[in-house]
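Chemist: Sequence:
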Amino acid sequence: MTREREPVPGMGLTTGALARRLGVSPTTLRSWDRRYGIGTATRTEGRHRRWSPRDVAVLEAMCRLTSAGVPPAEAARAARGGAGAPGPPARDPDGGADGGADGDGRSRAPGALPLGDVRQECRGLARAAVRLDAPAVDDLLTAAVARHGVVGAWQDVMMPVLHAVGRKWETSGDRYVEVEHLLSWHVSTALRRATRRVDPPPPRPEPVPPAAPGPVLLACVPGEQHTLALEALTAALSERGVPTRMFGAAVPPEALTTAVRRLGPTVVVLWAQARSTASTPLAAHVADTHWGARGARRRPLVVLGGTGWAGAAPAGLPRPGGLGEALELVSGPYRE
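Using UniProt numbering, the first residue of the sequence shown is number 1, and each one after it goes up by one.
Derived from the structure by calculation, the hints contain no laboratory data.
Possibly wrong hints are sitting among the right ones.
What follows is a list of derived Cβ distance ranges for each label pair [unchecked claim]:
id	residue 1	residue 2	range
1	Arg54	Arg30	50 to 58 Å
2	Ser276	Thr27	34 to 42 Å
3	Pro333	Arg196	18 to 26 Å
4	Arg21	Thr258	50 to 58 Å
5	Ala78	Arg30	16 to 24 Å
6	Arg294	Arg192	38 to 46 Å
7	Val177	Arg21	18 to 26 Å
8	Arg294	Trp169	52 to 60 Å
9	Pro53	Asp199	50 to 58 Å
From the three backbone atoms N, C-alpha and C, an ideal C-beta is built for every residue, glycine too.
The task is simple: from the sequences and hints, build the whole structure.
Modeler: Below is the structure:
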């Protein structure tokens, strides 16, 4: 197998060099040329493509537009027009999209994620994630939070793509692990960026002030490493001005009860994504943890989050069905 040589100065980029620069595969470049007329007329004597600076500008615009969720045929027309590059009308003979989806919602392109019927923003995010285009992923996630808020961005943009990556990973062996890790890291970054500081209210001047609501304590149960859903709830609560304390993954039982006694939380959210980590006795123990002066003892409302708590929820331990429902339940005690 011969390695494609780097371009000679003045001759333009080779297909391999351009693919590495853009973060796409050479097959994608050839597909865009065949389908949409995004190509180059310059070839060497051996019939190898050479991509000029104008060709590169068109393809960079094409990548930006498809990452933003624009359908490839439309992106091709806009990219050619924006860069001033001539070319024939975009060809899309089978109605599909390279890295996108057919009219029936099923992808035909190698490496595309099984998204189904989702927002166009999801398709752009999926393309950027598969390309490992970290700046584009970050920009798209930030824009989604700004446009839809934390709950809308989580439910309508982040979750569909995360689930699609997970399904692809399960059916592809060890492939797409890097896509899942990169996407998860940037989702976490976007959620933490959206989490603002909320200070507790100052104490009232009465001799014996009424008990003010304590913060919401959020923690994964022992053995549970998945934190993204808790990070989403933390960010959504901060949007409503609710004070939180986020403890993250796999919090030991002793640390949970110690934190409850020290903080006096009004609500404790325990997250378990797998049945193997969910422990109803632990949840009941946390719910029965008291604090405060004798005669004015209090204990928290414990909310169970995640699919690990499948089945009927124990009495007094509510189990909301999603982020929106959890947000309403947990923020209830803090409404004036």
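Chemist: If a hint holds in the structure, say so; if it does not, say that too.
Modeler: Checked hints:
1. Arg54 / Arg30: 50 to 58 Å: The hinted range 50 to 58 Å is violated for arginine 54 and arginine 30, with Cβ atoms some 19 Å apart.
2. Ser276 / Thr27: 34 to 42 Å: holds, 41 Å
3. Pro333 / Arg196: 18 to 26 Å: For proline 333 and arginine 196 the Cβ distance comes to about 20 Å; the hint holds.
4. Arg21 / Thr258: 50 to 58 Å: holds, 53 Å
5. Ala78 / Arg30: 16 to 24 Å: holds, 21 Å
6. Arg294 / Arg192: 38 to 46 Å: holds, 39 Å
7. Val177 / Arg21: 18 to 26 Å: Because 24 Å falls inside the window, the suggested range holds.
8. Arg294 / Trp169: 52 to 60 Å: About 53 Å separates the Cβ atoms of arginine 294 and tryptophan 169, which means 52 to 60 Å holds.
9. Pro53 / Asp199: 50 to 58 Å: holds, 53 Å
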